[in-house]
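In the order they appear, the protein sequences are chains A and B. Here this note's numbering = 1-based position in the first sequence + 774. Here this note's numbering = 1-based position in the second sequence + 1443.
Source of the hints: derived by calculation from the structure; they are not laboratory data. Worth double-checking, as some hints may not be accurate.
Unchecked claim - Now the in silico label distances, taken between C-beta atoms and shown as ranges:
(1) B:R1886 to A:V913: 39 to 47 angstroms
(2) A:L964 to B:S1623: 51 to 59 angstroms
(3) A:S955 to B:S1522: 26 to 34 angstroms
(4) B:M1562 to A:F932: 53 to 61 angstroms
(5) A:G1102 to B:S1771: 52 to 60 angstroms
(6) A:G911 to B:R1838: 45 to 53 angstroms
(7) B:D1507 to A:V972: 41 to 49 angstroms
Said to hold, decoys possible - Sample of chain A residues with no beta-carbon within 12 angstroms of chain B, all distances over it, derived:
(8) L828
(9) G839
(10) L884
(11) A906
(12) V959
(13) V963
(14) S991
(15) A1035
(16) L1042
Just so you know, these numbers come straight off a predicted model, no measurement behind them. Note that the Cβ used here is the ideal one computed from N, Cα and C, for glycine as well.
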Amino acid sequence: MNATKLAPPGADVQLTASPRRSVFGAVFKARESGIVLALVVLVAVTATQNSRFLSGQSIRDILLGTAILAVLAVGQAVVVITRNIDLSVGSVLGLSAFAVGSLMRDNPGLPVIVAVLAGLGLGAVCGLVNGATVRFGQVPALVVTLGTLYAFRGVSYFWAGGQQINADKLPASFLDFGTSSLLGVPWLVLIAVLVLVVAGVVLRNYRFGRELYAMGSSPQAAKLAGIKVGRNTSAAFLVSGALAGLAGVLFAARFGTVDAAAGTGLELNVVAAVVVGGVAVFGGSGTVWGAGLGALLLTVIGSSLAVLDINQFWQQAIVGALILLAIGADRLVAVRVAKALKKRDSHV
Amino acid sequence: MTRQDPGPVPLLEVRGVTKAFGAVAAVSGVTFGLHTGEAHALVGENGAGKSTIVKMLAGVHRPDAGTLLLDGEPVSFGSPADAKAAGIAVIYQEPTLFPDLSVAENIVMGRHPRKGLGMIDRAAIRAEAERLFARLGVRIDPARPARGLSIADQQIVEIAKALGADARVLVMDEPTAALSLVEVERLFTVARTLRQEGAAILFISHRFEEITELCQRVTIMRDGGHVSTDPVEDVTVEEMVRRMVGRDLSALFPKQDVQPGAVILEVEGLARAGAFRDISFSVRAGEIVAFAGLVGSGRSEVVQAVFGVDERDAGVVRVGGKKLKPGSARAAMAAGMALVPEDRRQQGLVMDLSIERNVTLPRAKALSKLGLLFGTSERREARNWTERLRTKYGRLSDPVANLSGGNQQKVVLAKWLAMAPRVLIVDEPTRGIDVGTKAEVHRLMSALAAEGVAIVMVSSELPEVLGMADRVLVMREGHIVAELPRADATEDSVMFAAMGQGAAA
């Protein structure tokens, strides 16, 4: 399949929109509609077994759970699109949750917005540490963030010293923020949707976003194209860190009880949501919408297994199978394309 | 339309530039100018310094001395972005596109047109891509992803990228190497249009017919230096070849005359899609057979497939009459074949291991007792071979990484010689090593041949090929185009065959 033809100079050049134009988009949409389909089936099956699954309270719980995971997944998607990874998000969430919890406990009069900004700021600092180390140390992000995963968690333990923040010590305004709604939609969900929309628009419609895709698609070409690769990498980690910090605030507000171990192991769920949501592990493609859908799917799986009274073990097995399926699909497409290219370019 | 305007001030001038990597000068004191509306060829042997010039123009390297002048003003490029901003676009042999992004977005990357609120304007991006493709007279769907485009189409997209950025100087580094005839023709149509519109083109190619067809002037480089710049009409192809090769065949090649023995290595109908086809040859004991040809003509791929580190689609390899299992380097080694790879740092050595360990690695089993490896036998073996090769090192237990390039090469050689091979394949035996060491490696190859080893050598250095080989097999575009016995192999005949002039026998 050769997309071009030699047109004699001077001849009328027709530019027809080829029907193949949207193949890429279609494949992509197929990926996201696959998740939606899986969601619909899952919800339908679970609801027939137990009608309470579709009750207001149950849906609310799912959405609140999804909100926190989705905020983390958006940050992770931004990093993964640049062909990096941020494993420290669970620890940043824990650190932020404990810091904000302490802040609100000690200063009950503070407005909620201060808590949110404090969480964002603390997370941003953690993200900056990751980004700067990756950028200036020329160390793979996997190694750097594996290190900071333990380092940030260590700071939390050192700071908490075994103490726990309980809900009864937190101001009511802060706890209300975790449970109350605006026009029937919980604040947490509104915030997650806002994050998703802003990130989605920036990635799709701004130069910065497009450059992140370019960097992940071909780091070498990005450098030659004059993209400020180092600066953008730092910025991606900064975004991921800040969003993990924000997720920490949401976590503290929702659960009220925070200790130094909050969010332990969460990074793997986040990476799973992103990968299942169709963000390529080697960067360059995928959307935050997909990542958000991935977060929703994982949360729904968790609750429906609980409703269906199936052993928790199965949840992990299913998540694992989904990741393998997602990666397998990506790999299959890549291998096919590579093979077709190899045969066609041969001059033999 | 302006055609070759030899005005006093060239659009771009390279003036006395020098660039060294380590102790090796890749380019020294090169001067030439590019005029508006000119296609200018830059030719030279592999390693003559053409790519270094390209990288300086692209802003990837900075010259150590000398200047680049744009419209007569000195410019200094700190990064590829600077060169781009100055209007210089480079099209590499391997296009550098973003496979996941649409063709249109590839063209505007880094300078997306924007509308309100700083958002990128997708309609404008698509319109720009369509406008550029119309100007180039090609049909590529701007909305499709760059992944899956043929190399030729990718190059067209690169050119569209350059046009979109209002590039005035277009540098094309061997753009035709991977193209078919039709695709080359289309590329040339585009290049001529650009030239007529006032752009300057620097065109690098190994194919003389392309140079005479497209270019007005030609600059010849040799060993990093500038040889000549002339109008294309004033130099014949023969003259260009002579100036490119240039040096006297030094008497440095101590090739001993050996009466060849029985056929040891036989290769029949070897092929791999996309790399090479119909490769048949045989090598006798005591014979040195050289593979000549341009980089990318498939030489290294052939020897790797013969040795079995690479897969092959078809063909038979026999050593001493016995068929080898395809794709098994282990079987090849067991049959007495050894390969000294081209990139010795990556493929030939374990850099952090000691010299003695590296030398005895392939023989670890033979040297071990009861499955354990004792230092004494390793050391004895290693000392024997490294001394024969006159390797310079502190202690045998030093890591190989501490040695100089030439001595590392010797350790790789020692490693395979310690196996006492019947067939020795050497890929670029003297790449990156100094003249003195080169002579030693050559002396050793000659001595091995005299002992009855069949030697296959891949080399891009013509003097080495002509000085060492009993027979020369010239490859071009994946197949053997000429087989020249020592007496008939001259610089001209090999070069002509390698570049497809068809003058060779």
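Cross-check of the supplied hints:
1. For R1886 (chain B) and V913 (chain A), the Cβ-Cβ distance of about 45 angstroms falls inside the hinted range of 39 to 47 angstroms, so the restraint holds.
2. Judged by the Cβ atoms, the range 51 to 59 angstroms given for L964 (chain A) and S1623 (chain B) holds: they are separated by roughly 58 angstroms.
3. Between S955 (chain A) and S1522 (chain B) the beta carbons are some 51 angstroms apart, a value that contradicts the proposed interval 26 to 34 angstroms.
4. In this structure, M1562 (chain B) and F932 (chain A) break the distance hint of 53 to 61 angstroms, their C-beta atoms being roughly 45 angstroms apart.
5. Separated by about 29 angstroms at the C-beta atoms, G1102 (chain A) and S1771 (chain B) break the suggested range of 52 to 60 angstroms.
6. Hint check: G911 (chain A) to R1838 (chain B), Cβ distance near 33 angstroms, so the stated range 45 to 53 angstroms is violated.
7. Our hint of 41 to 49 angstroms for D1507 (chain B) and V972 (chain A) holds, since their Cβ atoms are close to 48 angstroms apart.
8. Residue-level check passed: L828 (chain A) sits 38 angstroms from the nearest beta carbon of chain B, beyond 12 angstroms.
9. The non-interface label for G839 (chain A) is consistent with chain B: the shortest C-beta to C-beta separation is roughly 31 angstroms, beyond 12 angstroms.
10. The beta carbon of L884 (chain A) is kept farther than 12 angstroms from every beta carbon of chain B, the shortest such distance being approximately 33 angstroms.
11. Consistency note on A906 (chain A): stated as away from chain B, and its beta-carbon is indeed over 12 angstroms from all of that chain's, at 20 angstroms minimum.
12. With 12 angstroms as the threshold on Cβ separation, the claim that V959 (chain A) sits away from chain B holds: the shortest Cβ distance comes to roughly 26 angstroms.
13. Distance to chain B confirms V963 (chain A) as a non-interface residue, since its nearest Cβ pair spans about 26 angstroms, more than 12 angstroms.
14. At roughly 4 angstroms, the least C-beta separation between S991 (chain A) and chain B is not larger than 12 angstroms, which violates its mark as non-interface.
15. With a closest Cβ-Cβ approach of about 38 angstroms to chain B, A1035 (chain A) is found to remain outside the 12 angstroms limit, as its non-interface label requires.
16. In this structure L1042 (chain A) is separated from chain B by more than 12 angstroms, as the shortest Cβ-Cβ distance comes to about 25 angstroms.
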